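Colleague: Here are the chains, one letter per residue:
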Amino acid sequence: MFDLFIEQFPIVFKALNIGFLQTLKLFLVTLLGALPLGLIISFGSMSKFKPLSWLVNGIIWIVRGSPLMIQLLIIYYFPGMVFGHNIWGTGEAGRFLAASVAFIFNYACYFSEIYRGGIQGVPKGQTEAGQVLGLTKSQIFFKVTLLQMVKRIVPPMSNEIITLVKDTSLARIIALQEIIWAGQAFLKGSQGIAGAIWPLFFTGIYYLLFSGILTILFNKLEKKLSYFN
Amino acid sequence: MSALTVQHLHKSFGKHEVLKDISFTLEKGEVLAIIGSSGGGKTTLLRCLNFLETADRGQILVNDECIFDADNPAEKKQREADIRAARLHFGLVFQQFNLFPQYNVLKNVTLAPTLLGRGKPDEIEAHARELIERVGLTEKLDFYPCMLSGGQQQRVAIARALALSPDILCFDEPTSALDPELTGEVLHVIKGLKSGDSTMVVVTHEMEFARSVADKVIFMAKGVIEEMGTPEEVFGHPKSPILQGFLNKGNQF
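Sequence lines, in order, name chains A and B. Be aware that the first sequence starts at 45, since it is given in my numbering, and climbs by one per residue. Be aware that the second sequence starts at 639, since it is given in my numbering, and climbs by one per residue.
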C-alpha cells in the first residue's frame, strides 16, 4: 500500500498544486475587489441620506443572511436563464469570473460591517481634538483617525480573511477547478488513479499551511499596532 | 480693547434651548471661571467658542474683531476654511484629554503646528520641548499616552493646546475625569499659565481653584448667566438664590 502511495504522490501533488493555484487566485481577486468595495458599501450604510442607507443595509442583510453557495449558483446560472446564454463566458475562465463576482460581493458586505465598526469605534473626541487644533478634514482622517481605525479592524478582518481561505472551496459547486475539485478528481478517476480518497484529505494540509501563514502575518501586524490603545 | 466679547449667544438642540442670550467680555490676560450645575450650558458655551457647535444667534469677537456672527446671513454659510481660521483664536483642553494615542508626547504637541506649517521642524520641536518642560513632563517626551497617568495626559493636552499659541485657552472641566489626588498637578499647571498675556476660560467644579485663580466668575444655570462678578462677589456675597443654593450644596456634608 505504501508503494502505491509513493507511486501516486507525484501525480496527485502536481494536480493539487494546480488546483491550489486557482484557490489562491480566487482568494487574492476576492481580497483585491472586496477590500475597497467594502469601504464604499460601509460609507453607503452609514449615509445620512436615509433611503440610501436603508437600501444598502437591506442588501447587506440579504447577502449576509443567505448561503454563499446559493449566491454562487444564482450568479452563475440565473443570467443564463434570463438572457438565454451564459454571460460569464465558457469554460474555466467563465466559471472563475462568476465565482469572483459572487465572492467579491459577498465578502465586501462582511468587510463593510467591519469597516463600519472600525470607523464608529474611534471616539468622537479624536476628531474634535483635531478640529480644535485647526486641522483639515483630510488631515484628521489620515493623521488622526485612520491608524486607530486600522487597529480596530485588524482582528475581525483577519478572522474574516481566514474564513475566506476555506470558503473558496464553495466555488466547487459551479465546478471551478480549485483544490477540492482537483482532489475529488482522483476519487472519480483521473490520470489513472481512481477511488483514492487520500488526495481529498491531503488538500486539508494546503489550507492549514496557508491559514497558518496568514495567522502569523496578522499576529505580527497586531503586535506592531499594540504600542497604543 | 477686550480679548473676548460674546454677544447675545443662543443655542438650541431641537426644542431644548441650552444657551439663552449669553453676553460677557474678557480682558487680555484675565482668567474667567465658569461654574454651575451640570446641564447649565457651560460646556456648550465652550464648544460654541471653539466652533464644535455653531451658535444659532449672536456674535463672538476676539480682540474687537468679529470672528463669528450668526445674525449676519452672509456669514451664516461660513466655509470650512474660515471656521478653521477663526477656531485658531481658541485652544481647548477637553475633559477626557483626547490625546492622540498613536503618537508619543512630543509628537502629540508637534503634530498640529507641523501640519499647519507653523515654522521649521526644528523650531517647532524646540518650542514643543519648552512647553512640555513647562508642564513638567520633560522625562516623558517619548512616552505614549497609554503609559501616562490621567493627570500627566491632561498636562500633555495643555502643552498641545499651547503649541498653537491661541489668544484664548479654554478648559472644559479639565480635572473632572481625574482621581482626586491627580487634580492638584493639573490645577497647578493651569495656575502657572496665568500671566499677563494668556487669556483663559475655565469651566470647573473646583470652587477653591476658581476662587483663587479667576479674575472673573460666571455662574450659569439653565442656559443663562445667573450671576457674574469677581470671585469675591460671587463666592463671598452671592445675590441669586440659585447661586446661594449651589454654593451651599458643597457644604452640606
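Any given hint could be a false lead.
Listed below are several chain B residues computed to face chain A (Cβ distance under 8 angstroms; list not exhaustive) [claimed, not checked]:
#  : residue
1  : 651
2  : 692
3  : 722
4  : 725
5  : 730
6  : 736
7  : 739
8  : 740
9  : 744
10 : 749
11 : 750
12 : 776
13 : 779
14 : 781
15 : 786
16 : 873
Since the hints were derived computationally from the structure, they do not count as laboratory data. Source: prediction; values computed, not measured. Don't be surprised by glycine CBs; every beta carbon is placed ideally from N, CA and C.
Colleague: Okay, which hints does this one fail, numbers in order?
Modeller: 1, 2, 9, 12, 13, 14, 15, 16
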